[in-house]
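The primary structure of each chain is shown beneath.
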Amino acid sequence: MAVRVQEADFDLGTEVARLTSGNTSIGALVTFTGLVRDLGGADAISALELEHYPAMTAAALERIEAEACARWALQESLIIHRYGRLEPGAQIMMVATAAPHRGDAFAAAEFLMDFLKSRAPFWKKEHGADGARWVDARESDEAALNRWT
Amino acid sequence: MAVRVQEADFDLGTEVARLTSGNTSIGALVTFTGLVRDLGGADAISALELEHYPAMTAAALERIEAEACARWALQESLIIHRYGRLEPGAQIMMVATAAPHRGDAFAAAEFLMDFLKSRAPFWKKEHGADGARWVDARESDEAALNRWT
Amino acid sequence: MRVLYFAWIRERIGLSQEEVSSDAATVADLVAELRAREERYDLAFSDMASVRVAVDQELAGLDAPLDGVREVAFFPPMTGG
Amino acid sequence: MRVLYFAWIRERIGLSQEEVSSDAATVADLVAELRAREERYDLAFSDMASVRVAVDQELAGLDAPLDGVREVAFFPPMTGG
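Chains as they are written, first to last, in the UniProt record's numbering: chain P, 1 to 149; chain Y, 1 to 149; chain U, 1 to 81; chain H, 1 to 81.
Simulated from the structure, these hints should not be mistaken for lab results. We treat Cβ as the ideally placed atom computed from N, Cα and C, and that holds for glycine. It cannot be assumed that every hint is accurate.
To be verified - Listing some non-contacts, in silico: residues in chain Y with all C-beta distances to chain P over 10 Å:
(1) Val3
(2) Gln6
(3) Thr14
(4) Gly22
(5) Ala58
(6) Arg63
(7) Arg102
(8) Phe106
(9) Ala109
Stated by the list, open to error - A few chain Y residues that face chain P, going by a derived Cβ cut-off under 10 Å, partial list only:
(10) Met1
(11) Glu87
(12) Pro100
Throw the hints in and build the complete structure from the sequences for me.
Encoded structure:
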């Protein structure tokens, strides 16, 4: 169970190796990595800027993680979320969940992602040729929370 | 879109880096890793032996992968499955799915896993203190296929 | 009380945080006070459906009481992940 | 026709593969022929609910025809992943 909020990049392989190292009771490990997506053409972006609320962010992520650990039999979990200015293709964040069985690991990872999307205090600004614009929250992301109630 | 059946171990970080390298249109990447789980105590195992049907395996995995690519808007996918004798804690297999949005990447990874469990020609034998036993297929794994029909 | 602004609310107001002396009983009262100050505040809070609030770093509603509160933050819907 | 056995079916029969000359019309007929041969085959195929079949490397049922078939494989339910 760990949460990290950082400007620096992370290495998925290293993080996962650390999570499972020495624990032979893990049967299933799920990871999600979010990347800066550049659609090119008229929507081409040169950078994604991530602003957050430092005093609140870690606590919000820890609460989301604790909720996942209360719902599923997780042996390990990890949330890393970056902030600052990121290039297209850069890693934005990752979650990892480890459990005896795959169902729990998948469900917990999806749960973490659904809550991170709408309940973690981050805001994204896309920089493109025509200037910059704040990314709107998607209604589908808010709706995705309902499946966990 | 790639399938590998091998005795050798694999490195999750390397595989994922290769999958996403140079493609800035990927927004979401999901991985699943299956590990040799040792519950210890009376059920302690010293090794897991994976037998497969070489002439059929790659084709079966490719069919499962093609079906996932037909159902979801995947940009990349990868299945690696090992065979041979594995120690507790060792990696058995992995899948990775990359898509513009997280919903597709998660669904496709779960679909691949559900089909690999019951439709990929592998058989597992656990070696423990009391000898060896073939792992039974779980009814829940067969039932898991129904949610995709 | 410290008041924080994030994302386009921060940009519209032109401040990331400020100290505010207020007797506002609720978040809604505080918003009304701020809007009355200057047009940039009025503009930032013109569509409260697009504004989220945290009181002492916990998500809260517009009716949340401010008694004893040290920090109020205003921001658009979050876009993490 | 080449016949392959995997996992505990392979162990019970004591062979991983063999060439079989048979006029069996279907997989079920082939199973009946094999069971009649020796007790180890009879034992391996005593509970066909636990046996899966691939004909020329495609999953098939017991009623699958064997005309022109080159390879038949018998194995327990798969446990991949």
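Looking at arginine 63 of chain Y again, its CB stays over 10 Å from all of chain P? Answer for arginine 63 of chain Y: holds, closest chain P Cβ roughly 21 Å.
Return the status of the interface hint for proline 100 of chain Y: holds when the least beta-carbon distance to chain P is below 10 Å, violated otherwise. 6 Å, holds
Confirm or reject the statement that phenylalanine 106 of chain Y sits farther than 10 Å, beta carbon to beta carbon, from all of chain P. It is violated; phenylalanine 106 of chain Y is separated from chain P by about 5 Å at its closest Cβ, not greater than 10 Å.
Verdict on glutamine 6 of chain Y as a residue remote from chain P, using beta-carbon distances over 10 Å: 18 Å, holds
Least C-beta distance between arginine 102 of chain Y and chain P, which was stated to exceed 10 Å: 6 Å, violated
Grab the minimum beta-carbon distance between glycine 22 of chain Y and chain P and tell me whether it stays above 10 Å. Given a closest Cβ separation of 8 Å, the condition is violated.
Does glutamate 87 of chain Y pass the interface check with chain P, least Cβ-Cβ distance below 10 Å? Nearest chain P Cβ about 9 Å off; hint holds.
Just checking, threonine 14 of chain Y versus chain P, shortest CB gap more than 10 Å? 7 Å, violated
Does alanine 109 of chain Y sit more than 10 Å from chain P, CB to CB? At about 7 Å from chain P, alanine 109 of chain Y fails to clear the 10 Å cut-off, so the statement is violated.
Does valine 3 of chain Y really sit off the interface, with its C-beta more than 10 Å from all C-beta atoms of chain P? 19 Å, holds
Are all C-beta atoms of chain P more than 10 Å from that of alanine 58 of chain Y? Per Cβ check, alanine 58 of chain Y is outside 10 Å of chain P; nearest 22 Å; holds.
Just to be careful: measuring from the Cβ of methionine 1 of chain Y to every Cβ in chain P, is the smallest value less than 10 Å? 19 Å, violated
Hint compliance for this structure: hints 3, 4, 7, 8, 9, 10 are not met, and every other hint is.
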